[in-house]
Each structure stands twice: as structure tokens, then as C-alpha cells.
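S.K.: So the chains spell out like this:
Protein chains: 4
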Amino acid sequence: MSNIADILASFELDASWLRRLYEHMHANPELSMHEEETYQLIVRELEAFDCEIVAPIGKYGICAVFENGAGPTVLYRADFDGLPVTERTGAPFASRKVVTTADGDTVGTMHACGHDIHTAALLGLCSVLDNTRDKWSGTFIALFQPGEEIAAGAQDMADNGLADKVPTPDVVLGLHVMSGRAGEVMSKPGPQFAACDSIRVHIPGRGAHGSMPHNSVDPTFTAAMIIARLQAIVGREVNPADFAVVTVGSMSAGKAINIIPNEAELVLNCRFYSDKVKARVYAAIERVVHAEVAASGASGKATIGYFAHGELLDNDAAIYSAVRENFDAIFGPESTTSDPKTVSEDFPIIGQAFGAPYFFWLIGCTPRDVWDRAVEEDRVAEDVPVNHMANFLPEYEPTIDAATRSAAVAALTYLAR
Amino acid sequence: MSNIADILASFELDASWLRRLYEHMHANPELSMHEEETYQLIVRELEAFDCEIVAPIGKYGICAVFENGAGPTVLYRADFDGLPVTERTGAPFASRKVVTTADGDTVGTMHACGHDIHTAALLGLCSVLDNTRDKWSGTFIALFQPGEEIAAGAQDMADNGLADKVPTPDVVLGLHVMSGRAGEVMSKPGPQFAACDSIRVHIPGRGAHGSMPHNSVDPTFTAAMIIARLQAIVGREVNPADFAVVTVGSMSAGKAINIIPNEAELVLNCRFYSDKVKARVYAAIERVVHAEVAASGASGKATIGYFAHGELLDNDAAIYSAVRENFDAIFGPESTTSDPKTVSEDFPIIGQAFGAPYFFWLIGCTPRDVWDRAVEEDRVAEDVPVNHMANFLPEYEPTIDAATRSAAVAALTYLAR
Amino acid sequence: MSNIADILASFELDASWLRRLYEHMHANPELSMHEEETYQLIVRELEAFDCEIVAPIGKYGICAVFENGAGPTVLYRADFDGLPVTERTGAPFASRKVVTTADGDTVGTMHACGHDIHTAALLGLCSVLDNTRDKWSGTFIALFQPGEEIAAGAQDMADNGLADKVPTPDVVLGLHVMSGRAGEVMSKPGPQFAACDSIRVHIPGRGAHGSMPHNSVDPTFTAAMIIARLQAIVGREVNPADFAVVTVGSMSAGKAINIIPNEAELVLNCRFYSDKVKARVYAAIERVVHAEVAASGASGKATIGYFAHGELLDNDAAIYSAVRENFDAIFGPESTTSDPKTVSEDFPIIGQAFGAPYFFWLIGCTPRDVWDRAVEEDRVAEDVPVNHMANFLPEYEPTIDAATRSAAVAALTYLAR
Amino acid sequence: MSNIADILASFELDASWLRRLYEHMHANPELSMHEEETYQLIVRELEAFDCEIVAPIGKYGICAVFENGAGPTVLYRADFDGLPVTERTGAPFASRKVVTTADGDTVGTMHACGHDIHTAALLGLCSVLDNTRDKWSGTFIALFQPGEEIAAGAQDMADNGLADKVPTPDVVLGLHVMSGRAGEVMSKPGPQFAACDSIRVHIPGRGAHGSMPHNSVDPTFTAAMIIARLQAIVGREVNPADFAVVTVGSMSAGKAINIIPNEAELVLNCRFYSDKVKARVYAAIERVVHAEVAASGASGKATIGYFAHGELLDNDAAIYSAVRENFDAIFGPESTTSDPKTVSEDFPIIGQAFGAPYFFWLIGCTPRDVWDRAVEEDRVAEDVPVNHMANFLPEYEPTIDAATRSAAVAALTYLAR
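Residue numbers (the UniProt record's numbering), protein chains in the order written: chain A, 1 to 417; chain B, 1 to 417; chain C, 1 to 417; chain D, 1 to 417.
Wrong hints could be hidden among the right ones.
Note that identical chains are pooled: a pair holds if it fits in a single copy or bridges any two copies.
List of simulated lysine-lysine pairs, DSSO-like, C-alpha gap at most 27 Å [as the list claims (entries may be wrong)]:
1. Lys-97 - Lys-59
2. Lys-278 - Lys-255
3. Lys-278 - Lys-341
4. Lys-255 - Lys-97
5. Lys-255 - Lys-341
6. Lys-341 - Lys-301
7. Lys-341 - Lys-276
Everything labelled a hint here was simulated from the structure, so no lab data went into it. Values in this document were obtained by computation on a predicted structure and should not be read as measured data.
Starting from the given sequences, assemble the full structure and let the hints guide the process.
M.R.: Next comes the structure, spelled out in C-alpha cells:
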């Protein structure tokens, strides 16, 4: 352990370089799978290091392979896409970029989920490792991933030869900034982020004039019964000790005011910390939907389509134990145990592409004064900006410091001589 | 027509005899299919007439056949059972009889549905016809039926050879006293009383400890969904111009406080004026029940049992036309058009036993002062006692008069020379 | 009566003129409240008659006043707007017109509801009356109304001085072509078309991330409960002998796939034959909506807005009796009794504008061979095109004949010398 | 620690005495709050020890106070009531006792929840402590409680002066045998057993004849809507990371087949591991019930009564830490971490009566061969008898041994010199 502390102490990162990088990325966010300029920026920065750049993998995926003798292979992943949110942080480097959506609307773009921190921290880690080669041995792979927000980028890299283009890692690492006291390093074994899917349910009926219900099979009533039953799946079919969420994200049927519609549509969103629970709930949803359509007497059959899939992020227990011991040693009381979070990530797909175990942790980024006051006043839920909000802005110094150093600690847990 | 008026004018009924009969029956009501004494009373009275008494048919059914030369055969039916209601009419001849029920409770008995009037009126009609044989020809059958209140008596007579024991009638007639201005003769073609069934729905589930819903299939939730859907059958699957009622008369599940029950039971009661609508609704109920059990994931199958059947009382259009013309002539403005009523009768079974068309009408029996005041104050629903209530008591004079005379008019429509 | 038959026999309409008029209108339908050319056509045709043209009343309303000495004043109304339906009748004079809707879509336009027949018949009636002035006396007002399909035209005329600009009629008349054997004249007293309203229900909730339902008040569940309860209003709160329809024409909530929506919207459509039943149902809907919002724990309040109002079309009994007698005399077995129809009309607003009683009847227009075959095969519901369908096309000869002549019979019931 | 091992090693319990005691109790179970003979048996056994017997406290509560110099006061509780279950274990000492219930039914009685083991173990512990007085100092209170199964006994003792009659303990201890490998000692900090309440919900309506729903307010529909909404409380209002169960244990309404009932009743059973979650759910249940009654238009108000209350059993973290360390030392791998259980206990009321912290653990009692085979075949849920089942029988030797010794370890954690 003292080795890792020594390595960290032996090299001082160029803080102004890192800050410039971050602020540039923050001011120039690009939407998922359209990160052309960020891609070029990262490649350009990587060219300064003694590494092999493998890019693009898929549309904009990048790997930088740092070979350094015998030893384990560690892959660390950062994502770099922004969001269609109009920034309201008031930062001098706030984004002013506007894009036109597929619907023809214009919307601002923003790094509202901290991926700029993630990318800066990984470039920082590259700098650390590139400058301390005598103190570690093995192979380090820096993976920069586009399109995390739409759950597309990891899959795109996996589908385009990721596993063939770089050495197979022994462990896959990554982190996410999140609301929490800036600088806190939060981790846990097992489920950290939820498995998630969206489900489009198309409910058939038979339209008729609104005054002639006996000629119809009213799909709005079928939809209502399905909505009522979905929560009973949660309340009656899931072990109350397990975690399951079934949300109706949208419902729609009918446009004319005096016509019973032909069909209705529900879009569900479901989350779990267990693939077994997920399987049971999905079976129940399918059973309920088909039976309710039958109960309504529709001649058609419901269609049920799954999309926007998010894998369960289920941290490997052994990596967790090994890294957490070092987190505790380096960060002291700022190394804490995370709760499981209900959001999702496509990070597990990177590990799965290699068949490699993975570990993912969280870095608190809320400005410390805001956080401390909110905690004191019991107003965390009300006062602390969370990811994706227009006023989400990490407190730079403690956040980048904890992100870069925790990334180094985790990688060096395996690579330090 | 003038013939009928002449016949009615030619003979004066013994009013004190009829009243004594009525008051004796009223004071001595007997429950359905236990009408031993009333049966004997009727047979005794019939022995005074020149007729053939065919009795018992089934348990307590009676027919008196008055043959009088060539001509049509007319059957007229009256019922004679009382109800388990403790009388609160204050009449000097009120029932004081008490019986012990199967549950061991004691309850008063009462002619709370006017069957005493029905029987007295038919004995009166027998007297009229027996004393005016020269003015009519054909065959008249006076049928006295037990057990109407439990829908058992007509079936019992039909099952025990009714159709073989008396001549087949050309028309079957009958009437019922009902709230409405005493003396009013109310009739309509087509549906007069509703078809009705009770339906016992047994809903399978799987019991479990109350804290372990994931080990159960909760039949109370299934029951709730079925109850919700039943009204949608009425609101969505029945032509809004048609009449249909689906009522949940009872629901039950579970006894222990902390156990999810194994099963639930609903008892439904349904009413219709059309056998086609009935068929559609019953098919829908069965579809809904089975699909909701499937939606809940129960491995068992629901059972659906029909009982307490009531036939649609659907007046023959031709009899109605012929008799109504005479009602209008004899009763003037007191012959009115009835609404369809939602209650049920086993009267149609008598006609069906012979394959004969039938006609059934209503006689208003509410004391005239009560009725007129209620109408004036728009308080009919609140102030007028209805059948089966403890304070239901026909105003004797106008009611027995209209009942006896309308029965005579209807019979003589076919029998008058 | 023989007078009316004589008048009809005394003048022969110019059938080729009428047919040209009809086919021209049919080929050139205009959408509701955009009937500029049809307006001009009608005014031009009216100029051929000895009448006073009062136009426009409102946007495109027209009255032609035929004064002809002392006597009653009769107003007869025809409507003249088309529909956004792409015609598929295959007629040589089928519409090929296309319009661009507010949404930017293009859609065909079509006289899919027979208003071209209505207008032609009224111009035909004007010709009859203008040419038989010696045989009638009084005042005849031909009223041509735009915008019936969107329930706007009658109100627009009433709001713009209709009652002040023409004499007050003693009776207001009108008719509608409808599926049924072409040439049949169908009428009834009392409710002929339903009262109707659309109701926009805005259901408040509180949005949250889809994985955090405990921070939300889910408006989709509230909507489901309301939908379930609406049919129970029909099944439990309306006298089963009454007519009431509550239809959910559209439901909508949410756009994002993983967000619990802030709010939901239902649009209902309700129909009745009684204003009393309507009042009870609307009170129940409001009670249910507000209570379900409360049950969900929303802090906001639902809003309930009524629109697209249709008055109950409740035929005056006296006009019906007088006219029906003449219909029976002139049309024989082709004068039949109509069922009440569940659709709605803004015709009553014309009568109400004057405080005058009204009568409205139906003319069968289905090609006779189609109708007879459908009846024989019990496939009326499947095989007979109904109003608003793309293949709805009246059989011209019997339909225009029955429409024109029944209009003349009804008007002459009051005006014939 | 070695002290405790030494103390346990220094005295050998009279195993045949203990076994006779157990088998006698097992053969003679008494129902809750009717444990007259068991009470006398315990008192008799206690008389052999050098202790002060304080009894009865309430109906059948017993405390035996062992004073032994300065030091902490430790109270250990065992319960001793049986259940109305007909035993089917096949044991030679199986119960053959039959009782007559309040309903007049007869039912067997059985120690189907292991309270006989609990009581024997505590008498064993008394023997250990009474014979090793030189090795510990302080005060030990053995508390024997009746009526646990109906959540009555602890409250009865608390209400009848428990806290005044014996010294106030520093810690309160207890255990429960449970399915699990016989001899396993399972413990956890915080919530071990659930908080629980039953809730009787009376739903007002307005009865009417089944054919006249418009005169009713149908309470079965209200009940159905409430049942539907209860699961949405679980699925939408509880943080999915929290534990909450809302079960409908019984529902009932109506007896007559053709009457809409006046009222309905639901009995709910709810369980939680957090009083905060409980408060939120109960508020939601009350909100839902009252709003649904309002939605149905009932004029009456629902009543909601809580009963059969079970406190959250929330183990004190400090006692857990101290005792668990010793469990691990003494029992090695047979000291494991328990899951929270969804059942409830009135044990916390003993601690609360004194304002003292408490700790409660579990002892596996399933015969080891049964358990091992079930685990191997993944059939634990199917094959392992659980508490309250007629075939529930602890494997005596390892169970009594672990129960007695773990009780001694826990007590001596505080009392050992």
C-alpha cells in the first residue's frame, strides 16, 4: 500500500493543463454519438504520451494502450458525451452551444452529467502512469467511450471489435461523479447501478364511434387495467426484500374527441438489482398484458418490445475488496460505502465484451458548502443539484483530485510494483 | 266488448266473503314451499265451485278446471307464498307469525308482496265465472302456485306433470300488485319483468403468509380487478340503448388477519330485458373472470355457477293488444302503460310448460292518498312503500276490485260469447 | 291532407337542375366554416326565387325569406359543410379536393355526411314553394347553415343576430340522410339525437425520475383509476333504463421513457337522451376525478373543461304528431318510426335561438340493393356504409325525392291553404 | 472471551432433566394466555434454584431474579405458549391435546413454534448460572412470558407492573428457533423482525335492490378500487429500496344474492422494517380509503381501526457487536449473519417496558439431514417445515445445545467476571 501512496507522491500532475482541458470540454459539449470534436481532442492529447492509440473503435471509441512490462492488464473507462440541456450554472466556461433536434426544436447542450470530469481524470491518470513507468509494471488501457447517455457507445465499441483490438484486461475500472460531498469516494460491492429496460406495450382494441361502445373493444380501459396491475406486480409478486421499480413513462391513445381509439400504447421503465427479480417481473408484465387484452375481448394480440436496455452494474467482490482497502488507506474518512443507485450505466458492457470482472465507484462532486448546509438543514433532496439538471456543476478542485487519484489508486492496486 | 262489461255487471261478487278470505290469508302467511295451510284453504274454497280440482301438482300446486263447452282454453295463475319479513303495517289483521330459519334465527312472516291479493282475486274470478256460465264458453283453468319468492314453485309444478294434468291453454294470464295508485291497471307488450340470474364466481389463488406476497397469488386483487371490469361490461359492451345490470351481491375472501387467502368468491346478480343481451353479457363475464385469473398467474381455474334463474317475462304482443283494448274500454284512464320493471317472476315458466303465449300485468295498490301526496311532493321514491317492505299494505278496496275485474276482463277477452 | 298531395302533384321540379346542383356540391366539398364557394353558390341559386336573401348571418349563414300572405311562419334548415375524408365512392362526381390541415398534413375533403343532399333538397323545396304560391299562405324561411360538423355554424348564426334578422318561426324543421333503405322517412317524437359534450380532464401529478416513484405522484395511475371508475358511473349510477355513454376518446401522459410524468390528460365524450341523466353523470365525473386526484395525494387540483357541446335533439311532440300523420299519408309504409340515434346535431340551437319548437327527421339513403341484401344476410353492421365513411354515398334518386318531398310535406303541414 | 468458554466448560447441564422438561412441555401445549399448567411447571422448576421468584406478573408472567453481587443486570426472556394446530410430527412425545374454540370447533394444540425449546433453554441457563455463581457477578433475570402468539403476553406483563417488580436491566436478551440448519446461531444488528399491524377498514355504501344500482352507492366497487390502490402505495409511494408489505387478509360484503350491500369490510396486514416507512404507508392508506369512499359518493365516512400491533424488533447495535464477537468465537462458522425476517414478535415490548436496549437472535432447528438435502436440491422452500406447520419439529440435540449455550454466551458477555 505504501507503494501506491509513494507513486502518487512522486509525480505532480500539470493542474493548469488539466483544468484547461476540462473547461474546454465543458464549454463544448457534444450529444451522444455525435462527439466528433471531443474525439479529436482526446486523440490529440493522447499523442503526447508513450502509448498505442487504437481509434476509432466503432464511431468514436478510443483506446490508448500503455505497455510497461510483465504484469496484469488493467482497463479504465471514461465516457465523454454531453446532454441536450440548456446550461444554467453561471460558470464562466458554461456551454453556449445550441443544437437542432430531430423534431426541429433547438435546445442547448451541456455536460450536465460530469463526463468532462471523467475524461479529464483519465487523461490525468494517463499522465501519471506515463510519468511513473519505473514504479509499475503490466499493461494499462485507457478507454474513452462516446454515447453513454443513450446506452449506445459501449455497445458500439463492443460490436466493432473492442475485444480483438486491445489486450484482454484482468480488471475493468471506472467511476462516476455524483451528488455528494465533493471529494468523497463512495464504493460498494455487488449492485451499484440498476439493471433497466424500457418496454413499449402496444394494446390492440377495436375503434368505434364514441357513442357505440358495444361495437368497440376499448383499449383505454385495457390500458387502465394494465396500469393498475403493474403496481400489483411490484406489491404482490416481488419479494418485499428485493428491489423492483415498474414505471409508466408514457401512455397514449386516441386523437379524435368522439372516437373510441383502435389502440393504446404504454411505455414502461423498469429497474432491478437482480437479474432473477427482473426475469420474474418481465414474465409477470407479459402475462398481465396478454391476459388483460384477452379480458377486454380484443381479437388482436399485444406486442411488447424491450429497448433502452441497461445492464445491472454488479461490482466484482474481489476487486472491490482489494481496491477498497487502498481507498480507505489513501482517502481515510472520505472513503465511504455507497448506497446502490437506481440509475443505469452501459459500463458493464465493456467488462462483458472481454469477459472481465469490473468495479465502478462514485465521486462526490457537490460544492462542499452547498452540501454541508443542505445536510445540516435536512434539505439534500431539495437543495443539491443532481446529474442532468441545468445547474449541476461539480466543485472542480476536490472532485478532479478525488477522481484522478482514486482512478490511480484503483489501477495501481494491480499495477504497482 | 260490451259483452264483457255486461258479464261483469250481471253478477255481484260476495265482497265480505272475499275480504274474509284475504284477511285470513294476510294474517297467516307461509314461507315459500311450506304453504301447507294456504294450500288446504284454497282447495276448500274451490270445492264450492263446479270445477275439477287437480291437486297437488308438485308439492302444493293446484289447478281448478272449469269446463264450459266449446271454445278457447284460458289459464290464469295466482301465487300464494309469503315472505320472511316482520310485518309493520299496523293493520288489525297483520301477521303475528314467527318462524325459525335454517340458521336458527327467528323471523316474522308476512304477505309483503301481495300474493294474498292475487289469490283472493283469482278465487273471486272463479266465483264470477262459475256464476256466469251462460255468458261464456270454453275452458278456464285457475292455477294457484306456491313458492314464487324463491323461484321454485312454477318449476315444481312444471316438473311434476302440470302440462299433462290439465288441458293446454291457448293463453296464460296473471298479474301482480305493485306500488302505484291503487286501482290502476298497468300493462305493456314485450318485456315486463327482467330476466335474471345469480352467478357464483369462485376465484382461485394461492395462499401465503401475509408477509410473503411473492409466494402467493392474491385472490383479493383478482377479485378487485373483476369487480372493476364488470361495470365496464355494462358501460362498454352493452348497447347503451339496451338494459343490463350486473351487481355484485356479495364478495368474500379470507378469515385470518395475516394470511393471504387461497381463494375468493363473488356472487353476482344480473338482469336483462333481452336474451341476446344476456348471452353477450354472460359471455363477457366468463371471458373477464378467466382472463383476470390468468392475469394474476393462478394455476387453478375459476368456476362460474349460475343459479336463482329468472326467465324474461316477455308479454305476447297479440294477447297484449287484445286485452289492452278491453282494459282501456273498461278502466278508461286507469288503464295505463307500464314501464318495464327490473324485478323477476317465475310466471313465464307456466306458459313455457305448455308452450303457450302469456300476458302479465300490474295493479297499482298504494293507498290513493299516500300516492297522490307523494306524487305532488315529488317524493314517490321516499314515501311509497314498495313490495317486500315491512310497511307494504295494498289499499284493499280499489286494489281487489281492479285485480278481480282486470283478471275477468282478460279471461273474458277470450271466453266471452 | 289531400291538399298537400295536390300541391306536390301540381308542380314538377327541374330534376336535371337539382342533380347538377347536387353533383357540383358533391365534387366541391368545403370544410366547416370555410364554405366560401358553397355559400356563393347557394346565394346565386336563391337569387332565382322571389324571396328576400338575408346573408351572411355570421360567417356564411344564409336565410331566404319567402313571404306569402297571412299565416304561420315555418323555418326549414339545411347544412352545407363537408368533411376531411378522402373520398372512396368511385362516383364520377367524387371529390378530388385536398386541403392542408393546421398540422401541415394534407387530407382529402368529402361530402361524407350527405349535407349536399340536404342543401339540394332545400333548394328544391324553395323551387316548389316559389312555384305554388297560390296554394299556400304564410311565411317560409329557408335557412342554410355552415359548420355543422364542428358544432359551430348554428351557434355562429345565433350569435350574429339570426333571431333579429328574420321573422320568428312557429316551427323549425330539418332532416338528415342516414344509413337505411333509400327513400325511407324515419321519425319519432322526443329524443332523436343525443345530447353530447366532450370533457377535457387534466390530471395533476408530480414528476420524478422513473426510478424514484416515492418522489412522485404518478398521474398515469390516477388516470387509470379514473378510467376504471368512469364505466362504473354508467353501470352503477345511471338508471339501467336510461341511456348514457361515457367514452374516453383520448388519453395521454409523458414523453420521456424514464420519467414519471407531471400530468396526464383524458378527453371524454358523453352522450345522453335526458338532461337530468346528463347532470347526474357530469356531477359523478367531477366527483370521481377530484377524489381520485386526492386519493393519489397530488397537491394540485384537476381541471375539467367541457367543449364540443351538442344539445339534446328532442322533437316537439305536437309538431311530430301533425307532420307524422302527413308522412304516413304520403309515404305509406316508407314512413316508419325511427330509433333514437346516438349522434349529435347543432340543429336544436336554431330553434332555441327563436324560442321555437322543432322537429327533425331522417331519410334513409343506402342504395336499396345494398340494404336489402344486408338485411337478408343479417350483415347491416358490416356491409352498410355509414355517415363519415369514405364510401358513404346516398342512392340519389330515392333519397333526393324523399328528402325534398318530406321537407315539403312538413312545411305544408303548416302552410298549405 | 476465554472466560466465557471456561464458564461453559466448567459445568455440565443435566441433559436428561432438560430433555424430560422439553418433552413434557411439547406433549402438553397450552393456548396463548391459557398456559396455567405450564406456568405452574416453570415456577416449580425455578424453586430448585437460588433465586427470587416474582409471579404471576399479569396473568401468567414469571420472573426469576438471580442476584450475585455487583455488576450489570441482564434480563433474558423466553415465551411458553402453544398454537391451535393439530400435530403431525410423528414424535413419540407429540401432543394429543384438543381444545374447543370460541366458535365451538375442536382443534388440536401443538408447540409448533418452538416455545418449548425456548423455555427449556432458559431453565437450562438458570441451572448454568445458578451453578457457576463464582464465575460471574451482577444480576440475572429469567423472564418467562405467556401469550406471544397473540401479541398479548409481553403487554400483559408490562401493564401489570413488570418494570416495578424486578430490577431494571441494562440489556434484554432473547432468541427464537427457526428453520435453518439445526445448531446455527443467526444474528444481525438493526431490524430482525418486522413491525406489523392489522387494519380493519369499514367501507360505507348505500344498499339497494340489485336491479337498481342508481339508488345505491356500491361498496363492493369502492372496495375493489381500494384494493387496486393499496398495491400502488407499495409500488409508487415507498422508496423501492425500503421494505413494505400491504396485504388484504380478508374482504367481505353482502349476504343476499340480489341486494347491493350497505357496506364492505377489508382487513389489511402490513409489515415494515422502519417506523418512518410505516408512517408514510399508513397515511397513504388512510388517504386512499377516504378518497375512494368520496369518489363513490357515499355519504358516510370510512372507519379505519388498527389492531394486532407488532413492534419493530430493531436490535441494538452495541449489544449486537459485543455478543456477536463472542458468538463468533464460541460457535465459529455456525455463527452466521441472519436476514431480516418478515414475521413479528412482542419481545421488543419487554425492553421498552424498562427503556432498555435489546438483542434477539435466531437458532436454526431444522434436522441437519433434511436441511442439507434441501439445500443441495435447491428445495428449501418446498421441503423444510417452517414454524406453525403441523410437521415443524426441531432436531433436539443441536437445537437445545445452541439455544442454551448462545443464551449463556450472550448473558455472560455482560456478567462474566
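S.K.: The structure should be examined with respect to each hint, and the outcome stated for every one.
M.R.: So, going through the hints one by one against the coordinates:
Taking the closest pair of Cα atoms, Lys-97 and Lys-59 come within 27 Å of each other only inside a single copy of the chain (22 Å); across copies the shortest separation is 48 Å, beyond that limit. For the identical chains of this complex, Lys-278 and Lys-255 are inter-copy neighbours only, at 24 Å across copies versus 34 Å inside a copy, given an alpha-carbon limit of 27 Å. Taking CA atoms no more than 27 Å apart as the test, Lys-278 paired with Lys-341 passes in both settings, with 16 Å inside one copy and 22 Å between copies. Proximity of Lys-255 and Lys-97 under a CA criterion of 27 Å is satisfied inter-copy only: 23 Å between copies versus 35 Å inside one chain copy.
With identical chains, the CA atoms of Lys-255 and Lys-341 are at most 27 Å apart between copies only, with a shortest distance of 23 Å across copies and 38 Å within one. Proximity of Lys-341 to Lys-301 under the C-alpha cut-off of 27 Å is found in neither arrangement, the shortest distances being 36 Å within a copy and 32 Å between copies. Proximity of Lys-341 and Lys-276 under a CA criterion of 27 Å is satisfied in both settings, with 18 Å inside one chain copy and 20 Å between copies.
Checked against the numbered hints given earlier, the structure breaks only hint 6 and satisfies all the rest.
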